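A.B. asks: In case you want the letters, here they are:
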Amino acid sequence: MLDLIELGLFVTLLVVGFFAGSIVEKRHYASIRKREREYADVLAYAVRFPPDRVTRQRAFLVHGTVVISSDYFKTFVAGLRNLFGGRVRTYETLMERARREAMLRLKHDARRQGAKLVICVRFETTTISTGWAASIEVFAFGTALIPDHDPALSFPSRPVAAA
Amino acid sequence: MLVSNLELVPGRRIVAHYGIVQGSTVRAKHVGKDIFAGLKNIVGGELKGYTELMQEARQEAVERMIAEAQSMGANAILNVRFATTSIAAGAAEILAYGSAVQLDGA
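One line per chain: the protein sequences are L and F, in this order. At the far end of the first sequence sits residue 163, using our numbering, and the numbering has no gaps. At the far end of the second sequence sits residue 106, using our numbering, and the numbering has no gaps.
Don't read these hints as lab results, they were simulated from the structure. Predicted model only: the values in this text are computed from it and were never measured. The beta carbon of each residue, even a glycine, is placed where N, CA and C say it ideally should be. A couple of the hints might just be wrong.
Derived pair list, reagent style DSSO-like, types lysine-lysine, alpha-carbon separation capped at 27 Å [as the list claims (entries may be wrong)]:
#, chain 1, residue 1, chain 2, residue 2
1, L, Lys34, F, Lys48
2, F, Lys33, L, Lys26
3, F, Lys33, L, Lys116
Across the chosen pairs, the derived CB separations fall in these ranges [unchecked claim]:
#, chain 1, residue 1, chain 2, residue 2, range
4, L, Phe123, F, Glu56, 31 to 41 Å
5, F, Ile14, L, Gly114, 48 to 58 Å
6, L, Arg37, F, Gly38, 31 to 41 Å
7, L, Arg53, F, Gly38, 25 to 35 Å
8, L, Ala40, F, Ile14, 28 to 38 Å
9, L, Arg37, F, Ala89, 32 to 42 Å
10, F, Gln70, L, Val16, 46 to 56 Å
With these hints in hand, go ahead and build the complete structure from the sequences.
C.D. replies: Next comes the structure, spelled out in structure tokens:
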């Protein structure tokens, strides 16, 4: 009898995890795509050196961070994957969402402070164990540059194709 | 205090080096957040409480790093990096470090 209840709970959690998880993920992706279009004019590069080293510019650190949790279904599927090896698609989307979200927050931080260019962008990923399931933290940081004098002289703004 | 992860600041010269400065903090999560996170582990999604926790911790690490640089008389910290280490279950250290320098001009 107790086994039946346990099995029922497990199946319920799987089903809830599957449906709630996909709704959450779909909404998150929709929001990411929308905001990526909005922030398309804030440029972010991984290059180490500024395109213009001579002109004096304001430089400051900007960052974005997010902690995202997997859902019950995804965690279960990933657990199964551990038996056979191979690609764990359920975690791939989780990581991707976290990276894109962190990047968007970095761009938000930059724009909030009046910058349109961020260089030397780096990502840091940390696993945070929250009980039986894994959550991940992605931290994106970089240096925002604002031309000190005439903005038109230092970084000619180019139109950016919407993603 | 100019804080950046660049190795040079466009248009400015480094006139003095003071060596590495660092700031760190060790944080633990609290039970309430953990219970909420446990529920979130079922449906997935962002753990906002944890995001804030990490943000505050990084802010604190950066502030401590800046305090060290100020005590040396530096006016900028370049090449800033971050590191996160989990010490035990539920506790993590967040470290920020960089090179304290003196840049010319104001």
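A.B. asks: Against each hint, give a clear statement of whether it holds in the structure.
C.D. replies: Here is what the structure says about each hint:
| no. | hint | in the structure |
| --- | --- | --- |
| 1 | Lys34/L to Lys48/F | 20 Å, holds |
| 2 | Lys33/F to Lys26/L | 25 Å, holds |
| 3 | Lys33/F to Lys116/L | 35 Å, violated |
| 4 | Phe123/L to Glu56/F: 31 to 41 Å | 20 Å, violated |
| 5 | Ile14/F to Gly114/L: 48 to 58 Å | 25 Å, violated |
| 6 | Arg37/L to Gly38/F: 31 to 41 Å | 35 Å, holds |
| 7 | Arg53/L to Gly38/F: 25 to 35 Å | 50 Å, violated |
| 8 | Ala40/L to Ile14/F: 28 to 38 Å | 34 Å, holds |
| 9 | Arg37/L to Ala89/F: 32 to 42 Å | 41 Å, holds |
| 10 | Gln70/F to Val16/L: 46 to 56 Å | 52 Å, holds |
The structure fails hints 3, 4, 5 and 7 (numbered hints given earlier, in ascending order).
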